[in-house]
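These protein sequence lines map, in sequence, to chains A and B. Counting in this note's numbering, the first sequence runs from 1 upward without gaps. Counting in this note's numbering, the second sequence runs from 1 upward without gaps.
If you're looking for bench data, these hints aren't it; they were derived computationally from the structure. It cannot be assumed that every hint is accurate.
Unchecked claim - Now the stretches of chain B that chain A is said to cover, found in silico as 3 or more residues with beta-carbon under 8 Å: (1) 114 to 120; (2) 149 to 157; (3) 172 to 179; (4) 469 to 481; (5) 564 to 575; (6) 620 to 630.
Unchecked claim - For each label pair, taking beta carbons as the anchor points, the in silico distance ranges come out as: (7) 224(B) - 63(A): 32 to 38 Å; (8) 34(A) - 639(B): 45 to 51 Å; (9) 49(A) - 13(B): 34 to 40 Å; (10) 603(B) - 34(A): 51 to 57 Å; (11) 529(B) - 49(A): 38 to 44 Å; (12) 168(B) - 34(A): 39 to 45 Å; (13) 642(B) - 155(A): 25 to 31 Å; (14) 63(A) - 573(B): 54 to 60 Å; (15) 581(B) - 155(A): 57 to 63 Å; (16) 273(A) - 108(B): 54 to 60 Å; (17) 642(B) - 238(A): 38 to 44 Å; (18) 238(A) - 594(B): 29 to 35 Å; (19) 602(B) - 155(A): 42 to 48 Å.
Even for Gly, the Cβ is constructed at its ideal location relative to N, Cα and C.
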Amino acid sequence: MRSGWWPCCRPCPSPDMLLRQRLSPARFLRGEGPRAGPLTLRQRRVFILPTRQGLFFAAIVLLMLIGSINYDASLGYALTFLLVALSLVAMLHTYRNLLGLRVDIGPAEPVFCGETLRVPVTLENPTGQARFTVSLHFPQQAKAVCDVPAGGWARVALPLSAKRRGRHALPRITLATAFPLGLFRAWAYAEFDARVLIYPRPASATPLPRDSVWQTELSGGQGQGADDFAGLRNYHPGDAPSHVHWKTLARGQGLYTKQFGGDRAEELWLDWRTAAGDVEARLSTLTCWVLEADAGHFRYGLRLPDQVLPLAHGPAQRDRCLEALALFGAGDGA
Amino acid sequence: MERLRQALAWRWRQVNRAQLWLLAGLALALLPHVGRLPWLLILPAALLLGWRLGVELKLVRLPPRPLRWLLVGLAVAATWVSYQTLLGREAGVALLVTMLCLKLMEMDRPRDVAIVIGLSYFVVITVFLFDQSLLMGAYMLLVVALLTTALTAFSRPEASVPQRANLRLATTLLAQAAPLALLLFVLFPRIPGPLWHLPSDATSVGTGLSETMSPGNISRLSDNDAVAFRVRFAGDTPPRDRLYWRGLALTHFDGRTWHNPNETRRDAGAAHSFDFTAIGEPLRYTLTLEPHQRRWLFALDMPASAPPRSTVSADVEIIARDSVKTLRQYTLLSYLDYRLGAGRAPRQFTYLRLPPAIAPRARILARQLRAESRDDADYVQRVLDYIRQQPFYYTREPPLLLDDPVDEFLFDSRRGFCEHYASAFTVLMRAAGLPARVMTGYLGGEDNPLGDYFIVRQSDAHAWSEVWLRKRGWVRIDPTAVIPPERVESREDLERIAPAYAALTREAPDWAKRLWRKAGYGWDRVNNAWNQWVVGYDQGKQLAFLKGLGLKGFDWQRMLGLLFVGLGLVVAIIALQLFRRRPPPGNAVGEAYARFCRKLARRGLARKPAEGARDYAARIIPRRPELATQIRHITRLYQRLRYAPSTPRDGLRHLQQAVRRFRP
């Protein structure tokens with residue numbers, strides 16, 4: 001128990017790091033490489049340097065020292081030394097404000113290229129010391145600032161602008177703080193072994209290729225779909241609330257579920273060849289079509305030069321298709 | 001009315017509290033400069049502070065940029081008008097203050113805020129260039145706390161913490177910084193003296209002795225109790241009526257005013273050789289002079305040498321190289337009995353000159369008395385007898401002497417204080433052909449019974465004469481001292497000018513007066529200690545302190561080494577405290593119960609591992625039946641807080657209280 005007081009005394013969490021690696025400037029500038037799962041900011045990961053304000057403060061203190069010497073003002077010395085001591089103490093406080101935090105990320109919802117990805121980052125504070133004004137950011141991205149209460153946690157949705165389609169490794173997160181006096185900035189890098197998916201940018205409203213729509217059954221099909229009301233049946237647990245026939249329930253006649261006939265029997269093949277332009281333009285057009293087909297409750301399939309996604313409908317089909325478009329040409333498709 | 005109140009409340013919530021901390025700190029830092037800086041600069045500074053406050057309260061807008069530049073120009077111009085310079089201590093401070101207040105108009109980015117707070121700390125240090133008293137130090141500590149609070153408030157603007165928490169945090173930081181600062185203060189090598197010579201300020205207002213003396217012009221002697229200097233004697237303290245603290249010699253008289261046009265004393269380094277013979281044992285003492293903004297230093301009559309960075313003038317005045325702007329301490333040797341300038345007659349021109357038209361009646365008296373006396377010494381005695389026998393009175397409120405102050409005083413009013421007597425006596429000496437000059441300085445002082453030192457106050461200021469007598473040289477004559485006690489108007493004055501007589505007739509003061517006096521001495525002792533150990537802490541004290549610790553022969557390199565080792569140690573201790581893992585709150589219930597278990601464990605009733613709270617209680621109650629109620633109460637509370645679905649209100653507090661009171 002006592003040995004746990006001082007973080008240095010703790011056995012090093014990753015003994016795989018050689019001293020040379022520990023001291024290499026690359027680690028200082030680029031971090032340690034991606035890791036999976038939650039990451040604890042130990043003193044090995046937290047760096048500290050004075051801020052620009054801290055340097056200005058140092059210049060003022062130096063001037064004060066010169067003035068005190070010149071005018072032989074003993075209280076001037078006292079004040080100068082108090083400020084020096086204050087900044088030393090502030091340095092420790094700033095360092096501590098980051099030390100011991102656990103950082104983890106959650107899965108980010110895929111977005112379209114050009115939008116902003118929101119990566120959920122959780123900061124957990126297992127210590128008895130509240131943390132204030134911890135800022136997080138991806139490189140060249142907007143900052144998010146949060147406080148982490150003692151023994152609690154904070155969650156921020158960290159913005160990351162999606163610039164290229166595909167599946168990308170999550171960039172390094174920089175955690176920084178200048179609390180409590182703003183004279184020093186402590187920072188740490190958190191790099192996670194996680195990937196984010198970015199769909200192609202949808203082309204601006206391109207009409208669906210109507211000629212590739214053909215109707216298999218004019219009167220609509222059997223089975224269950226979402227378009228044509230077909231009758232009521234007894235409610236089964238798990239039925240969508242939007243399909244519950246609330247009127248009968250309101251009349252006190254029991255719980256019924258509305259049944260719909262098969263989807264409008266329009267089937268749609270979205271084909272690489274029907275889209276025009278270069279690769280990215282075609283992908284954009286196809287993305288737009290997938291979204292429109294999904295909104296129009298079509299059964300649709302996707303034909304790409306390297307793969308074919310069979311006819312289906314619903315959110316799962318949509319995500320499948322968008323992912324295929326996002327990863328098109330990425331080699332293994334993973 | 002209600003709506004107004006709500007609008008104000010809403011507005012108050014919008015206010016950036018960090019800015020308020022900053023403005024409060026800055027305003028308090030500037031306050032001591034009020035009265036020291038010209039109103040031409042103070043008023044605009046106050047206006048700008050108020051303007052910023054108005055901006056923060058959303059009452060007014062910031063001035064447009066061209067106006068700001070105009071204001072900057074005006075500030076520089078105002079400083080120039082007030083001081084005719086932009087350099088030096090006072091002009092520099094004035095410029096800093098106005099520029100800082102102007103910067104308040106342009107404080108949007110964090111960088112500007114950092115500049116303003118940094119410069120505000122600098123304002124604090126400028127106050128110390130003028131005043132380093134204990135009270136000022138304490139006051140400025142408050143200002144530093146406010147400014148630090150502003151820094152913390154700016155560094156967590158989004159945090160939803162109450163402003164009290166910012167103040168507390170700043171106080172904590174300062175408290176943790178205090179030991180480090182103390183270490184630096186004690187061990188940082190002190191470099192003596194100015195690094196470069198700064199232009200002396202022409203406008204500084206001095207306190208204490210003035211450079212001239214015009215007896216007829218003052219109708220009331222002020223009763224200023226401020227301390228002029230404090231003295232610690234190495235050996236025995238001489239009797240008070242022998243403590244003449246020599247200050248300035250005034251050699252020229254124009255009929256109304258005494259002054260000293262001697263230019264040689266202005267240039268430092270002009271060495272004078274003296275025909276000085278010491279008689280008896282020297283007195284060694286250390287004098288701590290309060291800053292009085294003038295160049296002269298005081299020494300017990302007659303000093304054998306001059307302190308460092310000062311010279312002795314032809315009239316044996318000690319003139320420092322720079323005016324005394326901060327507390328100055330020096331150790332001197334003085335001889336109470338001496339012979340000065342006995343070998344050679346002084347220059348007639350300087351010490352015999354009187355304006356031809358003044359004091360005709362005094363000249364007649366001088367001639368008459370001189371004719372009656374055997375020699376010069378006899379003449380001096382006859383003049384003193386004249387003052388003793390004629391109805392001369394000592395009063396602090398003499399009548400104004402308008403036409404011929406000397407004659408009017410000697411023959412008409414016959415009421416005055418030391419300046420009148422010294423002036424008239426010196427005129428009588430010169431009129432009879434005896435070289436004479438007026439000396440000003442202090443007389444006596446009081447012993448602080450609570451400390452081992454003497455206090456000399458401004459109210460102890462005194463003037464006397466020095467007469468040159470053949471074979472005896474310059475002899476100090478104090479004509480005020482010959483006035484019989486019954487002709488001294490107030491008891492306080494009698495104590496001052498005739499302490500030996502006053503001691504005979506002293507009545508016991510009542511207890512309230514005694515207590516008041518004792519408190520005054522106590523306070524003065526605290527101030528003296530402050531002056532000696534804080535304000536007067538210099539290289540010598542530093543070395544003496546280290547010597548006291550048994551570290552002899554320290555040079556500054558070793559001192560720095562010791563300083564860094566000490567700093568590293570203290571920082572390590574603070575870091576240990578800070579980085580110690582503290583359990584998060586929320587497990588306070590378990591903590592309290594663990595404390596209860598520890599208390600019992602100390603009595604040999606340790607809880608076994610994995611033993612339930614109830615089993616533990618059941619096991620120990622038979623062994624300590626007298627504690628049964630308490631143990632049951634604590635166990636029940638703990639179990640309920642730990643396991644019950646809803647916890648009772650204040651349950652935790654009750655548990656903690658019960659555990660605290662539990663003494664097995």
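Legend entry - Check of the region 114 to 120 of chain B against chain A for coverage (Cβ-Cβ below 8 Å, three residues minimum): holds (count 4)
Inset, instruction - Evaluate the given range 57 to 63 Å for the C-beta pair formed by residue 581(B) and residue 155(A). - result: Violated: the Cβ-Cβ distance is about 24 Å, outside 57 to 63 Å.
Legend entry - Outcome, coverage of the region 564 to 575 of chain B by chain A - at least 3 residues whose beta-carbon is closer than 8 Å to one in that chain: Since 4 is at least three, the answer is holds.
Inset, instruction - Confirm or reject the coverage of the region 469 to 481 of chain B by chain A under the rule of 3 or more residues with a beta carbon closer than 8 Å to the chain's beta carbons. - result: It is violated: at least three residues are needed, and the region 469 to 481 of chain B offers just 0 whose Cβ sits closer than 8 Å to chain A.
Inset, instruction - Can you let me know if the beta-carbon spacing of residue 603(B) and residue 34(A) is within 51 to 57 Å? - result: Roughly 55 Å apart at Cβ, these two residues keep to the hinted range, so it holds.
Legend entry - C-beta pair residue 168(B), residue 34(A): status relative to the range 39 to 45 Å that was hinted: holds, 40 Å
Inset, instruction - Look at the Cβ atoms of residue 224(B) and residue 63(A) and judge whether their distance stays inside 32 to 38 Å. - result: holds, 36 Å
Legend entry - 38 to 44 Å as the expected CB spacing between residue 238(A) and residue 642(B), which holds or is violated: Since the Cβ atoms of residue 642(B) and residue 238(A) sit about 39 Å apart, the hinted range of 38 to 44 Å holds.
Legend entry - CB-CB spacing for residue 639(B) and residue 34(A) relative to the 45 to 51 Å hint: holds, 47 Å
Legend entry - Pairwise beta carbon distance, residue 49(A) to residue 13(B), judged against the given window 34 to 40 Å: holds, 36 Å
Inset, instruction - Check, residue by residue, whether the region 620 to 630 of chain B contains three or more positions whose beta-carbon lies closer than 8 Å to a beta-carbon of chain A, and give the verdict. - result: violated (count 0)
Inset, instruction - Can you let me know if the beta-carbon spacing of residue 529(B) and residue 49(A) is within 38 to 44 Å? - result: holds, 42 Å
In summary, the numbered hints that this structure violates are 4, 6, 14, 15, 18.
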